[in-house]
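Next come the chains, spelled out residue by residue.
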Amino acid sequence: MDKNVKLPGTPYSSDDFKKGKIPYVEDVPKARYTWSAGIAMSRFLEELKNGRIIARKCHECGRVYVPPRMFCSYCFRPTDEWVYVKDTGRVNTAVVSYIGADRGKLGEPLVVAVIELDGASEGMGILHKLGNVDPEDVKNRKVFNMRVKAVWKKPEEREGAITDILYFEPIE
Amino acid sequence: MSIDKIRDLKSAKVIPGDMEVGKYVYTLGLAGEKFFNGLKNGKILASTCKKCGITYLPPKAYCEECHGAIDEYSEVGKIGMVYSYTIQYVDGSGKKLDEGVIWALIKYEGVRGGIVHKLGEVDYDQLYIGMLVEPVFKKKAEREGKITDILYFRPIKP
Amino acid sequence: MRMNIHFKNRVACIGAGLTLFRRRLFETPRELAWEAAKQALENAGMELKDIDCVVFGSAPDAFDGIHMQGEYMVDGAGGYKKPFTRVYVGGGTGVFSVIAGWWHVASGLCDKVLVVAEEKMSPALPHPQYVFHHIFDPITDKPLGVNLIWIFALEMHRYMYKYNIKKEDIALVSVKNKRNALDHPAAQLGAKITVEDVLNSEVLVWPVQRLDISPVSDGAGALILTSEEYAKQYTDTPVWIDGVGWNLDTTYWTNRDLAFPKYLYYAGKMAYKMAGIHNPRKEIDVAEVYDPFDYKELHHMEGLQLARKGEAPILTREGVTERDGDLPINPSGGLLGVGNPIAAAGIMKVAEIFWQLRKEAGKRQVAKDPTTGLAQAWGDLMQIGTVVVMRV
Ligand SMILES: [Zn+2]
Ligand SMILES: [Zn+2]
Numbered sequence: 001m002d003k004n005v006k007l008p009g010t011p012y013s014s015d016d017f018k019k020g021k022i023p024y025v026e027d028v029p030k031a032r033y034t035w036s037a038g039i040a041m042s043r044f045l046e047e048l049k050n051g052r053i054i055a056r057k058c059h060e061c062g063r064v065y066v067p068p069r070m071f072c073s074y075c076f077r078p079t080d081e082w083v084y085v086k087d088t089g090r091v092n093t094a095v096v097s098y099i100g101a102d103r104g105k106l107g108e109p110l111v112v113a114v115i116e117l118d119g120a121s122e123g124m125g126i127l128h129k130l131g132n133v134d135p136e137d138v139k140n141r142k143v144f145n146m147r148v149k150a151v152w153k154k155p156e157e158r159e160g161a162i163t164d165i166l167y168f169e170p171i172e
Numbered sequence: 001m002s003i004d005k006i007r008d009l010k011s012a013k014v015i016p017g018d019m020e021v022g023k024y025v026y027t028l029g030l031a032g033e034k035f036f037n038g039l040k041n042g043k044i045l046a047s048t049c050k051k052c053g054i055t056y057l058p059p060k061a062y063c064e065e066c067h068g069a070i071d072e073y074s075e076v077g078k079i080g081m082v083y084s085y086t087i088q089y090v091d092g093s094g095k096k097l098d099e100g101v102i103w104a105l106i107k108y109e110g111v112r113g114g115i116v117h118k119l120g121e122v123d124y125d126q127l128y129i130g131m132l133v134e135p136v137f138k139k140k141a142e143r144e145g146k147i148t149d150i151l152y153f154r155p156i157k158p
Numbered sequence: 001m002r003m004n005i006h007f008k009n010r011v012a013c014i015g016a017g018l019t020l021f022r023r024r025l026f027e028t029p030r031e032l033a034w035e036a037a038k039q040a041l042e043n044a045g046m047e048l049k050d051i052d053c054v055v056f057g058s059a060p061d062a063f064d065g066i067h068m069q070g071e072y073m074v075d076g077a078g079g080y081k082k083p084f085t086r087v088y089v090g091g092g093t094g095v096f097s098v099i100a101g102w103w104h105v106a107s108g109l110c111d112k113v114l115v116v117a118e119e120k121m122s123p124a125l126p127h128p129q130y131v132f133h134h135i136f137d138p139i140t141d142k143p144l145g146v147n148l149i150w151i152f153a154l155e156m157h158r159y160m161y162k163y164n165i166k167k168e169d170i171a172l173v174s175v176k177n178k179r180n181a182l183d184h185p186a187a188q189l190g191a192k193i194t195v196e197d198v199l200n201s202e203v204l205v206w207p208v209q210r211l212d213i214s215p216v217s218d219g220a221g222a223l224i225l226t227s228e229e230y231a232k233q234y235t236d237t238p239v240w241i242d243g244v245g246w247n248l249d250t251t252y253w254t255n256r257d258l259a260f261p262k263y264l265y266y267a268g269k270m271a272y273k274m275a276g277i278h279n280p281r282k283e284i285d286v287a288e289v290y291d292p293f294d295y296k297e298l299h300h301m302e303g304l305q306l307a308r309k310g311e312a313p314i315l316t317r318e319g320v321t322e323r324d325g326d327l328p329i330n331p332s333g334g335l336l337g338v339g340n341p342i343a344a345a346g347i348m349k350v351a352e353i354f355w356q357l358r359k360e361a362g363k364r365q366v367a368k369d370p371t372t373g374l375a376q377a378w379g380d381l382m383q384i385g386t387v388v389v390m391r392v
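Residue numbers (the working numbering), protein chains in the order written: chain A, 1 to 172; chain B, 1 to 158; chain C, 1 to 392.
Because the hints were derived from the structure by calculation, they are not lab data. Hints may be right or wrong, so weigh each one.
Facing chain C, according to a computed beta carbon distance under 7 Å, are these residues of chain A, among others [claimed, not checked]: (1) Tyr98; (2) Ile126; (3) Thr163.
Think of the CB as a built atom: it goes at the ideal place given N, C-alpha and C, for glycine as much as any other residue.
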């Protein structure tokens, strides 16, 4: 199909829309959800409240899963054992976010990372924020393989959520 | 090998959340624009595929049988017929309504499809399938090119 | 993997159609699907009554804002009163819908299949970004305020780190694809830009900048697939789909090797085996690989064995992937240039290979004489690869 073929479709701009040139109807989705955390993640969240990170181990292949799960996706059988992993680890990859969840600009840039926790199997990273890391050290890639440790909320402020860990920060 | 179970339900976590989409905007499209413009002018427009001789309500910009383009739009007759009806006693969340609402699928002679709308000016015991009805429109100045430009359909007085 | 590569019918593609790809289109989703399907039928010299069954693809319902979108689409997509199937694997859907169309014909179940894909992302306000938010794990990821671009940035950065890749080299992909798109009739963002433009564009989530990303789009595409017997009745120039492959990695994306798309390696292997391809780098003449981000073109080339690990940026820098290069990649202009109406973008890629192999791509026609091409898409939680290998 050559460049000069005229294709169907009627484009309009956001300006057309704002000026009321585009007829439409609108609707607001009112969906509210409750996501059940299940067995593995309920325990995981409960342990976060205690300032600990719990994982599940598969005795067949030896993998230690974080976040924990009740089945091993490699062996396709139930995992066998609860094990604690450390709240320290190594940065697998990290980036600097200048935008928030809604794509709006953040006041302060946010560093987020995939962190491989000590005690988990190789490659079993978790997503979290990094604190006290200079965005420049992300850009110049110093952050890769950096040793980090979790900074926890005060025990009385924890609520059994991933945010009970405020962020991970470099170990001096 | 064992599968753990949660014995204490207090430790079973449930995470609440919602869909953050502010709203959806549905543009009317080619046929929809004609249809809703028609309502603004107090007319119910259907579209007709000349090749297949099929008239669609709500109108389509294409024929579902032959997939040809349709650009012929015309007003359906004044007289519609109640194809089926139902009475709604509770709202979407299950709460009892003060007054039941009669909803009907209204069809027109020789037209494929129809319009779902409310019935008014009629008592429950007068309802029957096959009842002939006509639309009651909002005052012209209040119409916005929406399906609610029709307030309801009412029985045609003999 | 053991695979039965014996099937009843060889499958041909004999027609393609597209709408414009734009940020906002006025037509309803089914009107867009109809426009694309009508074109594909006309292109194949067919009417809807000639079609046995219809396969439809679109990404999350939450973009169009219509649940059960497959059913909603049925008349526009030409599926009324026919066996109709909707498939969905996120961004991989467009190419996956072609794979599903292929099953119908290869198995002998149907002879003539219409494949349609459509996406409208414009209905979701204030921005479709909110919809993407809901693909993440609500327990581990969402509470952190995750933005869709985070995971791509994390993957891109790991890839850059592992193979010591410069942003300048990745930006070349965006420059090439947007330039290629200037010659595409559907294109939303064809442009002449420079590497500096990319590097100076707004930093969203380092290392991802605005010009590293494909746009949000509305659009539709359609293809006609037939058995060999019928292909010959309708055309002298069928394009054969000789290999299909798809593969999914785990949704626990933080548990993956982010520097290499293993799922795509497996999907490619499956398609290559079926098509009897032993050396993809030598045997594939032209490829449309999925490029919602510029680094993904490189990442995917490597997953598909069109480049060795870490080699794709070098091939790009050397001009190998240009239209007049030895291995033209995304001569259409890709998602970066033509636009990214998710499922429809995958169809656009298969359509481009169809046109390239038929030498019907006009100004976009690659310099070499291509006989074997590949189209690929990627999606779900960046975990699926969908691949078709096509030949003349
Ligand atoms: Zn195992
Ligand atoms: Zn017709």
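**Asked** Can you give the numbers of the hints that this structure goes against, from lowest to highest?
**Response** Violated hints: none; all satisfied.
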